[in-house]
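Participant: The chain contents come next:
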Amino acid sequence: MKDRTAGPTRSRARGYTDYLDEAALPHIWCAGCGNGNVLKALLGAFASRGLDPRMTVVVTGIGCWGKADDYIRTNAIHGTHGRALAVATGVKAYRPELAVVALMGDGDFATIGGNHFIHAARRNIGVTAVVANNLNYGMTGGQYSGTTPAGSLTSTSPYGHAEEGFDLCALAEAAGAAYVARTTAYHYRQMETLIAEALGVDGFSLVEVLTPCPTYYGRLNREGSAPEMWRALKERARGGSFGCLVRRDRPSFAERYAGVQAAARAGTGTEVGPDAR
Amino acid sequence: MPGKDGPRGTEGMRPSRWEAILAGEGGQGLVVAGIVLGEAAILEGLEAVQSQWVLGSATRGSLSRSEVVISRDPIAFPRVRRAGALLALTRAAFERHRDLLAPEALVIVDEDHVPGAGPGAPEGVAHRLPVVRTAGELGLARSTNMIALGALVALSGVLEHGSIERAIMARFGAKAIPNLEAYRTGARLAGARLAGAGPAGGAGS
Amino acid sequence: MTRKAFWQGNEAVLEGAVAAGARFYAGYPITPSSEIAELASRRLPALGGVFIQMEDEIASMAALVGASLAGAKAFTATSGPGFSLMQENIGLAIMVEAPCVVINVMRSGPSTGLATKPAQADVMQARWGTHGDHPAVALVPASVSECFSLTVAAFNLAERLRMPVFVLSDEIIGHMRERVEVPPEGSLEIWERPRPSGDPSEYRPYRPGPDGVPPLAEFGGPYVFHATSSMHDERGVSANDAGTAAALIARLGAKVLRNWELLPPPEIVDTASLLGSGHDRPGKGAKPAGGVLLVAFGSSARSARQVLVDHPERFVTLFRPRTLWPFPEAELSALVEDHESVVVAEMNTGQLVLEAERVVAGRRPVRAALRSDGEIITPEEIWEVVCGRRDARAGRTGESWSGTGGSGR
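Protein chains in written order, with my numbering: chain A, 19 to 295; chain B, 182 to 386; chain C, -8 to 400.
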């Protein structure tokens, strides 16, 4: 499998603080939330890949995890709700040499942006999606999302949720992602390793991070205190379907489109446009 | 001859506007015929606007219409108001557009597809030509449009044959030869009918 | 050398975009704009550019923002339903000040409407379609030639002003063919976005230059920057305070108004100037009685111009905006009192007429010639209103329900 960040960009040893905007701290996330861990693992992965901040673009959506760009010292676009992958696709399609990372929650990625998710995976665009899945909309008060399990209590499912949630990794695999992994905010080392692996993938990569929302989801569903939720996450990861789940060679959008550009320069192609009618 | 009032024939008079409708079935290529007509007008230094639409949801087989306005002066309203010429290759194409005809308009219909008598037949004098049949007989079915265009230009005198042929060559490039052949066939077909018993097969004949 | 082309309106748009330097297209096919996508898919890759057909128009507009900040001159083309979906990220482009061009080949609505038929009913959507206070720039070609030249102008304005710029074409202009004098390559005036210079650590992506527009770096260059859809300060860092919000909203609007002279001016033509000498017309200061100031844009302006051709005996001045937004109000206002009435012709139930009434401000009666059935408005329909025999909004004909505003608001 091609590793797009190996080589010249690995200029010097870096640490996660090279990418962290410490002046923007403290962060806004609640006590007991996993997003801080995910952020540190993300930036640690940047460091282990030796990413050049000038050649890196972080695109975020709207939600708790969508605020992560506030603390990151690379290029960034904080976009609209659910559209981070579409914005990232524009960046990557035009400048394939940039490392493009999309940070989204389960609302952004699996719910309002679900269409962009499956199509980004299908076209195998070289964007790394790091999705913090806390099973509900934390920022707006704990409403249900596309990953909320059936029966769950949320602020919009007070009688128990009437729908099933997505299995994001299975969906990503079916849609064609080149790399799919799942971990939890508890498993810091694994998280950093998987994100770093994903950053080396030429096509579309997803790292789903299960993360607790003690403020809303945990409280409403009587999952106990924040430490209890963290312990539950730790246990849950022993149940399988964690770590790298999919890793396959598929030509990326950039690779295939380079072929399109070459064909266009050579003047091949079918007649299109008004004259062909 | 109706075509005399075209854009080249009214020097010094305003407005010098000539409007034509080329109609038939989608797939007959009349849109391209209209485009070639417009391009030839541009080559002669005239103004031209070509518009088109398919009246129906299918690309093939629906009623298709290509409009061309040619003028010595800038063209304001881009669509046909009163057509000075109508070329119709199907009965539906004729019936749909007969109300748009100017008095004394040039009417060319396909003699096998538009009835010569009875309801739905053109009133007054129409040129009835075997456009579609000729294309089939000569193995130029894909150039039906150019045969039709040849007849339209020959009978209207709206533009020089030379400019049409230049436009055909520019548009079709390597595929220009069969299209030129078809265009000349159409022009000859019309010329032969003119030289013969006048507008061949006028209404009721 | 200038060459003559017989282009379709949509084709001229694409050629104008390419000539202006466009190298990124993200879109979703929709009648009657699809020829632009088809041609872009063919042309851009040969130029080293990128065409990508996105999953919907929401994504298309989002991708434009991403590519634009990565340095591309980016554009898309759509029609009513797609323009509706784009509104969300048009707001994003406005907020992050990402230059891009959106072509809307207008068709009949609402909703699917008459998918293959023309309308001009997105006038107000182009101005206010995305939520919140924001500037809008919309150019309106009335010929195939202008589909080319105003698309070039749209890119120039988008880059110079760092914002999305709309080209509102319609099915008639988009699908008709007409002569275009194509300027030789390299002869066009092409504007680029303002670029930063100096120490990258000092770069402030939202600190305005002298014309109110901040210099824009591109991803992958020496400058690292942050763009956000949230209210933000000069560093592009989100800020919730009232002062920051007020300053940003004010600057976004002001950057357009203070660069007013860059916007394509209206065409003003009367019967005498249209038909040349030989038509006696009193000189300035002695306007004949009964003069009508006719306001129309896009394909309606073609019908309006035909009224002048058909009736050289009548004193009619055609005021044809090339820039619909911001509306050329000073130019229109200056003409009002030379005429006895104002007539607005448009293919909708009365949108631009509201703006005309605002400018006329009760000084003269305003009448409207309107059509919204998917057919082109005809010169005859406009003439009836010019003559005062009809007014689509007077409530007498029963043909329009949009007359509640009245001219004396």
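Don't read these hints as lab results, they were simulated from the structure. Quantities reported herein were computed from a predicted structural model and do not represent experimental measurements. Mixed in with the good hints there might be a few duds.
With the Cβ distance kept under 8 Å, some of the chain C side facing chain A (calculated, not the full set) [to be verified]: (1) 10; (2) 55; (3) 248; (4) 345.
Rough simulated footprint, nothing fancy, chain C against chain B, three-plus residues with beta-carbon under 8 Å [stated by the list, open to error]: (5) 285 to 298; (6) 334 to 345.
Not the full set, but computed from the structure, chain A residues with beta-carbon under 7 Å of chain C [claimed, not checked]: (7) 68; (8) 72; (9) 75; (10) 93; (11) 94; (12) 95; (13) 98; (14) 111; (15) 112; (16) 114; (17) 116; (18) 258; (19) 264; (20) 268; (21) 282.
Every residue gets a Cβ at the ideal spot worked out from N, C-alpha and C, and that includes glycine.
Participant: Could you run down the list of hints and mark each one as holding or not?
Facilitator: We went through each hint and held it up to the structure:
At its closest, the beta carbon of residue 10 (chain C) sits 17 Å from a beta carbon of chain A; the interface hint therefore is violated under the 8 Å criterion. A hinted interface residue such as residue 55 (chain C) counts as satisfied when its beta carbon comes closer than 8 Å to some beta carbon of chain A; here the least separation is about 6 Å, so the hint holds. Checking residue 248 (chain C) against chain A: minimum C-beta separation of about 26 Å lies over 8 Å; hint violated. The closest approach between the C-beta of residue 345 (chain C) and any C-beta of chain A is roughly 30 Å, which is over the 8 Å cut-off, so the hint fails.
Given as covered by chain C, the segment 285 to 298 of chain B fails the check, having 0 residues with a CB less than 8 Å from a CB of that chain where 3 are the minimum. Counting residues of the segment 334 to 345 of chain B whose CB lies closer than 8 Å to any CB of chain C gives 0, so the stated coverage by that chain is violated, three being the minimum. Given the 7 Å rule on beta carbons, the hint for residue 68 (chain A) is violated: about 16 Å separates it from the nearest Cβ of chain C. Residue-level restraint check for residue 72 (chain A) holds (minimum Cβ-Cβ distance to chain C is 5 Å; threshold 7 Å).
Look at residue 75 (chain A): its Cβ gets to within about 5 Å of chain C, closer than 7 Å, so that hint holds up. A hinted interface residue such as residue 93 (chain A) counts as satisfied when its beta carbon comes closer than 7 Å to some beta carbon of chain C; here the least separation is about 5 Å, so the hint holds. Against a cut-off of 7 Å between C-beta atoms, the interface hint on residue 94 (chain A) holds, since the closest Cβ of chain C lies about 5 Å away. The beta carbon of residue 95 (chain A) is positioned within 7 Å of a beta carbon in chain C (closest approach about 5 Å), and the interface hint is therefore held.
For the restraint placing residue 98 (chain A) at the interface with chain C, the shortest Cβ-Cβ distance is roughly 5 Å, inside the 7 Å limit, so the hint holds. For the restraint placing residue 111 (chain A) at the interface with chain C, the shortest Cβ-Cβ distance is roughly 5 Å, inside the 7 Å limit, so the hint holds. Interface hint at residue 112 (chain A): satisfied, since its Cβ lies 4 Å from the closest Cβ of chain C, which is below the 7 Å cut-off. With 7 Å as the threshold, the beta carbon of residue 114 (chain A) stays out of range of chain C, its nearest partner Cβ sitting at about 9 Å, so the hint is violated.
For residue 116 (chain A), the interface hint holds, the least distance from its beta-carbon to any beta-carbon of chain C being 5 Å, beneath 7 Å. For residue 258 (chain A), the shortest C-beta to C-beta distance to chain C is roughly 32 Å, which exceeds 7 Å, and the interface hint is violated. For residue 264 (chain A), the interface hint is violated, the least distance from its beta-carbon to any beta-carbon of chain C being 21 Å, above 7 Å. Hint on residue 268 (chain A) is violated. Least Cβ distance to chain C is approximately 17 Å, over the 7 Å limit.
Hint status for residue 282 (chain A): holds, given a least beta-carbon distance of 4 Å to chain C, under 7 Å.
Hint check: violations occur at hints 1, 3, 4, 5, 6, 7, 16, 18, 19 and 20; the rest are consistent with the structure.
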